[in-house]
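Residue numbers (our numbering), protein chains in the order written: chain A, 20 to 233; chain B, 20 to 233.
Hints are computed from structural coordinates only; laboratory data are not their basis. Keep in mind that the hints are not guaranteed to be accurate.
Pairs of lysine-lysine, BS3-like flavour, derived with a Cα cap of 27 angstroms [said to hold, decoys possible]:
hint, chain 1, residue 1, chain 2, residue 2
1, A, Lys125, B, Lys141
2, A, Lys141, B, Lys120
3, B, Lys120, A, Lys29
4, A, Lys205, A, Lys29
5, A, Lys29, B, Lys29
Okay, here's what each chain looks like letter by letter:
There are 2 protein chains.
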Amino acid sequence: MSTVSNIPEKTIERLSEYRRTLLACHKDGITHIFSHVLAGMHGITAVQVRRDLMLIGFSSDTKKGYDVKVLIEFINNILDSEQAVGIAVIGMGHLGQAITKYFNSKGLKLHIVAAFDVDPTKVGCTIEDIPCYHMEQFEEVVGQMEISMVIISSPSRVAPSLVVPIINAGIKGVLNFTSAPLNFPKGIVSQNYDITTILEKVAYFVKENDENNT
Amino acid sequence: MSTVSNIPEKTIERLSEYRRTLLACHKDGITHIFSHVLAGMHGITAVQVRRDLMLIGFSSDTKKGYDVKVLIEFINNILDSEQAVGIAVIGMGHLGQAITKYFNSKGLKLHIVAAFDVDPTKVGCTIEDIPCYHMEQFEEVVGQMEISMVIISSPSRVAPSLVVPIINAGIKGVLNFTSAPLNFPKGIVSQNYDITTILEKVAYFVKENDENNT
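Using the sequences and the hints, build the whole thing.
Written as C-alpha cells, this is what we have:
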C-alpha cells in the first residue's frame, strides 16, 4: 500500500486493534490499563505498545496506567474522519453479504451503505439492510450517497473490469478481496486482501515449523 | 506472526500471488513471462520480482523470460506440503460459509474438510459440501480427519474460549478472522486477519491523502 503518512502501516493496524480492546475494557468498567496488560492482550511487548503510542504523541500517567477513555478518544482523533465515511460493496454474493453483515453489526464510524451487483435477483433488493443497485448505476449512486470507499467481493475474473468505473466515480479507497491483484493510480489507496494468500502463508510456515522440528 | 523460515513473510505472500497469476497465464496458453510483465500485473517493480525469485533460488532464461510451467512447479515445491493439508472452519455462520465456498471452489491443495459449530440447526448437517460437527467433538474429529489448520470465523466473544481446544487437538496453524486477538504458544503458527483493522487502515490513509491534498 502506498501511503503519505508518517505513521507506519503496522502501527495504524495496531491502533485499530488497541481501540477495539480498549472499547471492550471501557464497556467492562475498566478505567485504566497498563501498557504491559494491553500488550499481553495482543501478544506483543509493552515496548511495542509504548512505541506506537509515543508515535502518535500520547503519554500516560505511569502510576495508574493509561486512562482508557482518554486513549480511545486520542485514537479516534488519529483514525477517524470528521464526516461519516460511506462504503459500497461490489459483488453481493456470499462473501459480500457476510462482510456487510459482519461489518455493519459492529457500530463503527465506517458504514457499508450500498451494494452493487449485476444479478437481476439481487438488483433492486435490500440485502443485509442495504440497497443493492445495478453496476451500471455505480457512478451515479456513488455521487449521490457520497461513497468514498469500496470493498470488492466480486468473482476474481470480473475484478479487473471494475478498475475504470472505480477511478471514474472518484473512489478514494479500495479493499480488494478477490484473487485478482488490482492496480490503481496514485491518489487511490488500495489494499489487496486475498484470503488464499494468507492461508497459503500460514500453511507454509506450518510446514517450515514441522521440518525444523524433525 | 512468529516464523522460523529464512524467506520473509512478504515474499511468501507474493509467491502465493505470483503462482495464481502464473496459473492463469498457463491456462491462457502463455509459456513464458518476463519479470517486468509479472511485476506490472502485481503493481510492483521487476527488481522486487527478481529479488523474490532469487531468494528461492530460481533463475531464468532472460531472453525469453521465465518458463511459466517450470516456475509454477518451483513455487509449488516451496509452498506446498507433500501431503494434502486438511483445514477446519470453526463457526459456520455467514462468514464461515462464505470462506468455505470461496476457498474450496479454487481447486487448491489446501482444502476445508470439516466445520464446527454449536448451533443445533447446523450440527449434523452438510453445509457447502462439508460436514458440520458439534464443537464438543472437535478434538476427536481433528484426530480422525488429520486436520492440521483451523479458520476461526466464530463470533468474536467466543474466540478466546477456542484457544485451549485448538492447542489440545494439536492444531498447527490458525487463521483468526474475529476481532479478538488470540495468542498461541510457540509451535502454532497463527495470523489474526480482522477485516475491521484493514478497512480502518485504508480509511486512515484515504483521510491522510485528503489532508495532504488540501
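task: Could you check the structure against the hints above and give me the numbers of any it violates, in ascending order?
output: Hint 3 contradicted; others consistent.
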